[in-house]
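Visitor: As given, the protein sequences belong to chains A and B, one line each in that order.
In terms of this note's numbering, the first sequence opens at residue 1 and continues consecutively.
In terms of this note's numbering, the second sequence opens at residue 1001 and continues consecutively.
Read the hints as simulated data drawn from the structure, not as lab findings.
Some hints could be false.
Cβ-to-Cβ under 8 Å is the rule here; a few derived chain A residues that face chain B [what the hints assert, rightly or not]:
#, residue
1, Ile13
2, Arg156
3, Leu161
4, Arg164
5, Ala171
6, Ala172
7, Ala173
8, Ile178
9, Asp181
10, Gln253
11, Gly254
12, Thr255
Here are the in silico distance ranges between beta carbons for each label pair [what the hints assert, rightly or not]:
#, chain 1, residue 1, chain 2, residue 2, range
13, B, Arg1416, A, Gly56, 56 to 62 Å
14, B, Arg1125, A, Ile144, 58 to 64 Å
15, B, Lys1143, A, Val89, 48 to 54 Å
A virtual CB, placed ideally from N, CA and C, is assigned to each residue, including glycine.
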Amino acid sequence: MILFAFLAQTLRIAIPYLFAASGGVISERAGLIGLGLEGYMLSGAFCGAVASYYSGSAWIGLLGAMAGGVAMALLYAVTAIRFRGDQVVVGIAINLLVIGLTRFFLRLAFHSSSNSPRVPGFGAENSGTGFVALASNPLIWLGIITVAVMGWLLYRTPFGLRVRATGEHPAAAISVGIRVDRIRYLAAALSGMLASLGGAYLAFDQHQFSAEMTAGRGFIALAATIFGRWDPLRAALACLLFAAADTLQIQLQGTQLIPSQFVEMIPYALTIIALAGVVGRAVPPAALGKVAE
Amino acid sequence: MADSGSQSPAIRLTDIVKSFGPVLANRGASLEVARGEIHALVGENGAGKSTLMRVLSGMYVAESGRMEVNARDVTGWSTADAIDAGVGMVHQHFMLVPTLTVAENVMLGRELTKGGQLDRARAEREVAELSRTTGLAVRPERKVADLSVGEAQRVEILKTLYRGAKILILDEPTAVLSPPEIEELWQVLGQMRDRGETIVLITHKLDEVMAISDTITVMRHGRTVGRLRTSDTTPSEIAKAMVGRDVQLAMNYVSEETSSGPSVSAHSSAVESLLAVRDLVVTNVRRLTAVDHVTFAIAAGEILGIAGVEGNGQTELLEALAGLRPIRNGSIHISRRDVTNLSVKERGDAGLSHIPEDRHARGLILEYSVAENLILGQQHRFTRGIQLDRDRVLDNARKQIDAFDVRPADPQLPARALSGGNQQKIVIAREMGREFQVLLAAQPTRGVDVGAIEFIHAQLRAARSAGKAILLVSADLAEILALSDRIAVMYGGKLVATVPRVDASAEVLGPYMTGAATGHAA
C-alpha cells in the first residue's frame, strides 16, 4: 500500500513535467531551445485560472491556458526567428517577462499579490492522493496520451520528419522546399500549448493560481528533455524518474535519514551526469539554437 | 545536341545580378544550356558559379536579370517551384540530414503517406527501384551518417531524380570522390544525358571539363566571359579565359619536374631527416586500428606524397602527427627531436606546420575575421602585455592577404564571407607564412580553383627548395604526381608501396590504391 501511494504520488507530480517535457522535445527537435518552458507553464497556469474563474468551467479554463502558453511561445519564436534574437537570451527574458506579467494581472484582476481566489478545477479540492482522485482528473489521462501522440507525431508523420530535418540540417530542409520558419513556428506553438497544460494542471489541482507557482518545473522538464535525449518516450521516463525523486524527498522530509536537500538535487545531478556522457552520449539536434538560412 | 538551335534551350539566364551586402557575386551573368547536353560551368573561386546556380535552383532571388527554363519565364521562383519544374541541384556541401535514413532523406518534402502516416516501406521500395534503374547503388534503410562521401553523393543525385529532375545541377561533385567513384559518376551522368536529361556541372578541374562536357561557359568576377564548345577548345584556352591570363597547368609541371626534380631526392638518404616516424599505430574514433605500424622519414627539401583512396588511415595519420589524436605505439621525431608526447602548440614551436584536410572543421573559425584566423595557434606571438596587439594582428593580416592574394582583401571580414578557395588561402598563409621545418599538407587544393592551385603548388615547391620537409596527402593523384619526390600508397592503414617519382604513374600506383597489389616496391 505504501508502494501504491508512492507510485500515485509520483504520477501526480510527473504530469506537469510530462506536458512540459513533450513541449520541450518538439521545440528542441525543430531547433528552438526550450528555455521558455517555465514561462509558458506559468502563463498557462495564470490564463487557465482566469478563464476558469470567469467562465466557471475548467474546460474553458484549459482553452484559456493554451492561449496563454501559445502566445508566449509565439512571442519567443518571432523574436528568435523573425528578429534573430539569441535563443538563450530570449528564452530567459520570456520567463522573467511572464513572472512580471502574471503578478501585474493578478493584482489587476484579483487585487492580490500572492494568489487568485478559488477557481473551478478538476477533482475535489484536497481530495488526497488516492487512485480515484487521480483517475478522475482528465489531465492525468491527457498527459499520458500526449506522450504517445508526440512519439507518433515525431516519428510517423510527415510533419515529424520535417521537424527533425529542420532541427538537424535546416539548409537541407530549405533546399527541398520545406518552409523551415513555418515548421519552427508550429513547433513553438505546440510546445507552448503542451507546457501550458502542465501549468493549468498545477492551477486546477490547487483550484487557484498563486504567484510563481511553477517554481522551476519548466527547467526540470527541460532537464528531462535533455536527459531523455530528445525522444518523447525517454523524456517521459526521465519525468517519472525526477517525479519519483521529488516524492522520495517529500517522504523523507519527516525522517532525518538523509538531508532532503540531497534528494532534491537528484534531477539536476542526473542531468549533469547525462550531459557528461555517462549514460550514452547526449547529442542535441545539430541546428539547436541556430538561425536557419 | 548539335542542332539544338532549332529548339528552345533548357536553361537561359540573362544578365543575372545578385549581391550579398556589399559583395556583388553576379554582376550580369548569363548562361544558355541546350537540352540533353552536359554543360560545364567553370571559373575561379568567387567567380559566382555557385551563386548563379543557386539563383537558378530558387535558393536565392536575383536582384535583376531574366530566367527561362524550357522557354518559360521563371524569374524569381522558389525552391519548390524549381523542384516542380524538374530542376534539381546537388550542392557541394551535401544537403542531407545525417540522422535520417537514405529513404527518409529522399522523400523529405515529398513524403509518401498512408493514412496520414509516413509510408517508409514504400519509400524504401521506390528508392531501391530508382537505385537499380540508375545504377546509383545505395541501401535505402541505412542512416546517412554511416555513409561514405561517395554514397552520400549518390543519395543526393537520387534525391533530385526522385523529384523528377530533368535538369540536374552538380556543384563540384568530384571534390570528395576517389578516382573509381569519379569514373562511376561520369557513367551515370553519361546515361542521363543519353536519356535526354540536361546536366550543368560546376567545376574548375579542366580534365573533367574535357572528359565529360559538351559545352562550356566560363565565368570571371561574376560575369560570363566565354562560351566554348569542348571539342573545339583546349585546357589552356579555358584556363586563360578563367583567370584572364596564361597559367601553367599541373600537367605541364610533371615533365618539368622529372627533368629537374630528382636531383634533390637522389641525395635524400644522405640528407638529414626532418620528419621521422617509426612504427606508428593509431586508432580511429571506433577504436579500430587506422594506422598500422607505419614507418617513414622525410628529408630536408623533399616532398613525400601519400596516395590512396580516402578512408585508408590518412586522416588518422595526419591527426596523430599534428598532435590531435593520441597514438598507441611508435615515435615521431621532428629535426631529431622526439615530439611523440608533445602538445600541438609544442609541436608548432618545434617547427611543425599543418594544413588540415577539412578547413571548416579544423582550419578556420568561420565566425572569426580573416585577420584573427591568420593568427590562430600563434596568438601568443601577437600580444602586448596580456592583450592582443590589434595593430600587429591587422598588419600581419594585410601582409599575408597581399602575399597570398586573398580576396576580397579585407582583414575584418568574417572568414565565412569568403569563397572556399580564399578560405583555403587563409589557412595556407597562416601555416606557410611563418617559420617551420616540417609541413603536413592535407588536401591542400581541395575545392580550390586553377589559379589558386597554381599558386599553392608554387608555394609548396618554394618551401621544398628552401629545405623544408613536406608530407603531402591528397585524394587527387595528379597532384601527388605533380609535386612529390617520393610517393607512398596507403591502403588499409599500411604504407603498401613507396616508389620514387620517376618510377611512379597512375598505372603503377593504381593496383596498390585499390588493394589489388600489396608489398613494398622499390
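Visitor: Now look at each hint and say whether the structure bears it out.
Guide: Hints, verified against the model:
{"no.": "1", "hint": "Ile13", "in the structure": "32 Å, violated"}
{"no.": "2", "hint": "Arg156", "in the structure": "5 Å, holds"}
{"no.": "3", "hint": "Leu161", "in the structure": "6 Å, holds"}
{"no.": "4", "hint": "Arg164", "in the structure": "7 Å, holds"}
{"no.": "5", "hint": "Ala171", "in the structure": "6 Å, holds"}
{"no.": "6", "hint": "Ala172", "in the structure": "4 Å, holds"}
{"no.": "7", "hint": "Ala173", "in the structure": "7 Å, holds"}
{"no.": "8", "hint": "Ile178", "in the structure": "5 Å, holds"}
{"no.": "9", "hint": "Asp181", "in the structure": "13 Å, violated"}
{"no.": "10", "hint": "Gln253", "in the structure": "43 Å, violated"}
{"no.": "11", "hint": "Gly254", "in the structure": "47 Å, violated"}
{"no.": "12", "hint": "Thr255", "in the structure": "46 Å, violated"}
{"no.": "13", "hint": "B:Arg1416 to A:Gly56: 56 to 62 Å", "in the structure": "58 Å, holds"}
{"no.": "14", "hint": "B:Arg1125 to A:Ile144: 58 to 64 Å", "in the structure": "35 Å, violated"}
{"no.": "15", "hint": "B:Lys1143 to A:Val89: 48 to 54 Å", "in the structure": "34 Å, violated"}
When each numbered hint is compared with the structure, violations occur for hints 1, 9, 10, 11, 12, 14, 15.
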